[in-house]
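Enquirer: Next come the chains, spelled out residue by residue.
2 protein chains.
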Amino acid sequence: MASSKPPVEFWFDYTSPYSYFAAWKIEGIAMQYGRTVAFKPFLLGAVFPLSGSAPLVQQYEPKARYSKHDFERSARFSGLPYRYPDNFPMLTQNIARATIYLTEHAPGKVPAFAKGAMRAYFTESAPINDPAWIGAFAAELGADGAATAAACADPAYKDKLKAQTEAAIAQGTFGSPWIVVDGEHFWGHDRLPQVEWWLHELEDH
Amino acid sequence: MASSKPPVEFWFDYTSPYSYFAAWKIEGIAMQYGRTVAFKPFLLGAVFPLSGSAPLVQQYEPKARYSKHDFERSARFSGLPYRYPDNFPMLTQNIARATIYLTEHAPGKVPAFAKGAMRAYFTESAPINDPAWIGAFAAELGADGAATAAACADPAYKDKLKAQTEAAIAQGTFGSPWIVVDGEHFWGHDRLPQVEWWLHELEDH
Numbered sequence: 001m002a003s004s005k006p007p008v009e010f011w012f013d014y015t016s017p018y019s020y021f022a023a024w025k026i027e028g029i030a031m032q033y034g035r036t037v038a039f040k041p042f043l044l045g046a047v048f049p050l051s052g053s054a055p056l057v058q059q060y061e062p063k064a065r066y067s068k069h070d071f072e073r074s075a076r077f078s079g080l081p082y083r084y085p086d087n088f089p090m091l092t093q094n095i096a097r098a099t100i101y102l103t104e105h106a107p108g109k110v111p112a113f114a115k116g117a118m119r120a121y122f123t124e125s126a127p128i129n130d131p132a133w134i135g136a137f138a139a140e141l142g143a144d145g146a147a148t149a150a151a152c153a154d155p156a157y158k159d160k161l162k163a164q165t166e167a168a169i170a171q172g173t174f175g176s177p178w179i180v181v182d183g184e185h186f187w188g189h190d191r192l193p194q195v196e197w198w199l200h201e202l203e204d205h
Numbered sequence: 001m002a003s004s005k006p007p008v009e010f011w012f013d014y015t016s017p018y019s020y021f022a023a024w025k026i027e028g029i030a031m032q033y034g035r036t037v038a039f040k041p042f043l044l045g046a047v048f049p050l051s052g053s054a055p056l057v058q059q060y061e062p063k064a065r066y067s068k069h070d071f072e073r074s075a076r077f078s079g080l081p082y083r084y085p086d087n088f089p090m091l092t093q094n095i096a097r098a099t100i101y102l103t104e105h106a107p108g109k110v111p112a113f114a115k116g117a118m119r120a121y122f123t124e125s126a127p128i129n130d131p132a133w134i135g136a137f138a139a140e141l142g143a144d145g146a147a148t149a150a151a152c153a154d155p156a157y158k159d160k161l162k163a164q165t166e167a168a169i170a171q172g173t174f175g176s177p178w179i180v181v182d183g184e185h186f187w188g189h190d191r192l193p194q195v196e197w198w199l200h201e202l203e204d205h
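Taken in sequence, the protein lines are chains Z and E.
Heads up, the first sequence is in this note's numbering, so the first residue is 1 and it goes up one at a time.
Heads up, the second sequence is in this note's numbering, so the first residue is 1 and it goes up one at a time.
Among the hints, a few may not be true.
Any copy, or any two copies together, can satisfy a pair, since identical chains are not distinguished.
Stated by the list, open to error - Computed cross-link-like contacts, DSS-like style, restricted to lysine-lysine with a CA-CA straight-line distance of at most 30 Å:
1) Lys-25 with Lys-68
2) Lys-158 with Lys-115
3) Lys-109 with Lys-160
4) Lys-5 with Lys-68
5) Lys-162 with Lys-5
6) Lys-109 with Lys-162
7) Lys-115 with Lys-5
If you're looking for bench data, these hints aren't it; they were derived computationally from the structure.
Take these sequences, add in the hints, and give me the full structure.
Expert: As structure tokens, then:
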């Protein structure tokens with residue numbers, strides 16, 4: 001029966017710390033309800049001009065300050081290692097394209113790739129948008145590193161990421177992580193308890 | 001020992017649905033750790049010009065739409081009755097001044113007053129900023145209704161609310177609810193699990 005249920009969709013931008021925290025929890029939650037997780041990167045930076053928003057650390061100074069503190073506290077609360085990246089926020093178009101490439105060619109590697117890259121960025125400031133880093137990490141996971149790195153500059157994957165970002169905007173996504181369970185939308189790692197409650201309710205009906 | 005611990009500070013604007021949800025949970029959480037709750041109303045509208053923000057339902061349309069849905073879903077998740085108010089958002093200066101008056105003259109009534117007014121607003125669109133409503137509700141709780149209503153237009157309480165709002169801004173508050181535990185700041189009803197975790201950690205040390 002598990003295979004008949006649609007996956008939980010996890011829309012995210014790699015530079016979002018709350019997405020890192022949620023990415024490491026969402027599979028365990030989904031699994032309890034016979035679901036897998038579809039990792040769907042998009043570019044949050046494309047949403048900001050529409051929403052009139054900006055990265056948290058570039059907003060009103062007290063909000064920026066609070067956010068930096070909350071990232072660190074939420075990591076401890078989530079039991080995850082964390083260090084504010086040296087290069088934060090960063091561009092994420094290459095690793096997003098590589099993720100779409102892996103989703104097509106080595107889907108079983110995607111969760112480890114997405115979670116591992118976020119952990120590398122949010123613990124050791126790894127240059128996860130660098131095609132060389134991307135290729136090496138994909139190879140480490142047993143995927144085709146050269147092909148994964150090549151996808152970063154491939155017009156086909158540029159278009160696919162553009163389409164995925166447009167799909168995010170079209171469905172009303174304005175933040176990251178953005179979790180969709182059978183058409184129900186949840187914004188933020190702090191909605192994970194509601195995601196779990198929702199999956200539980202669906203199970204009962 | 002309980003009386004020696006500082007209260008948990010609950011800074012809020014009466015027109016905030018997430019504050020309503022949190023107001024009905026925070027005392028139960030605080031009580032487990034020998035704490036009371038200090039209800040401290042302020043005017044979130046005074047922060048928006050500084051932070052460049054606005055009420056959620058007046059922001060980017062997908063965010064406004066999501067927020068309305070999330071209010072309703074979060075109410076169900078919290079087990080609280082809820083109906084989107086006819087007059088939302090609303091001005092809250094009178095009920096905030098009345099709350100400060102009660103804090104000085106009938107502090108034992110404040111939690112029931114604050115929680116009851118929010119429930120009345122968020123379930124039946126009660127005109128909780130109307131001095132007549134405020135006086136009647138204060139009287140119903142056994143406080144001096146006429147004096148509480150009179151505080152709404154009293155320059156002394158105008159000044160006290162202004163000072164409390166300035167104190168909120170000075171401490172970096174940019175949203176509601178805003179919870180302070182021994183100097184540690186938490187924004188949002190979705191940080192209640194972290195508030196509880198923090199109280200627990202303090203207990204251990």
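Enquirer: Does each hint fit the structure? Answer for all of them.
Expert: Structure-based check of all given hints:
For the identical chains of this complex, Lys-25 and Lys-68 are neighbours both inside a copy (21 Å) and across copies (26 Å), given an alpha-carbon limit of 30 Å. Taking CA atoms no more than 30 Å apart as the test, Lys-158 paired with Lys-115 passes inside one copy only; the shortest distance there is 22 Å, against 52 Å between copies. Taking CA atoms no more than 30 Å apart as the test, Lys-109 paired with Lys-160 passes inside one copy only; the shortest distance there is 19 Å, against 59 Å between copies. For a Cα distance limit of 30 Å, the shortest separation of Lys-5 from Lys-68 across copies, 28 Å, qualifies, whereas the shortest one inside one copy, 37 Å, does not.
For a Cα distance limit of 30 Å, the shortest separation of Lys-162 from Lys-5 inside one copy, 27 Å, qualifies, whereas the shortest one across copies, 54 Å, does not. In this assembly of identical chains, Lys-109 and Lys-162 lie within 30 Å of each other by CA distance solely inside one copy; the values are 22 Å within and 56 Å between copies. With identical chains, the CA atoms of Lys-115 and Lys-5 are at most 30 Å apart within one copy only, with a shortest distance of 23 Å there and 41 Å across copies.
When each numbered hint is compared with the structure, no violation occurs for any of them.
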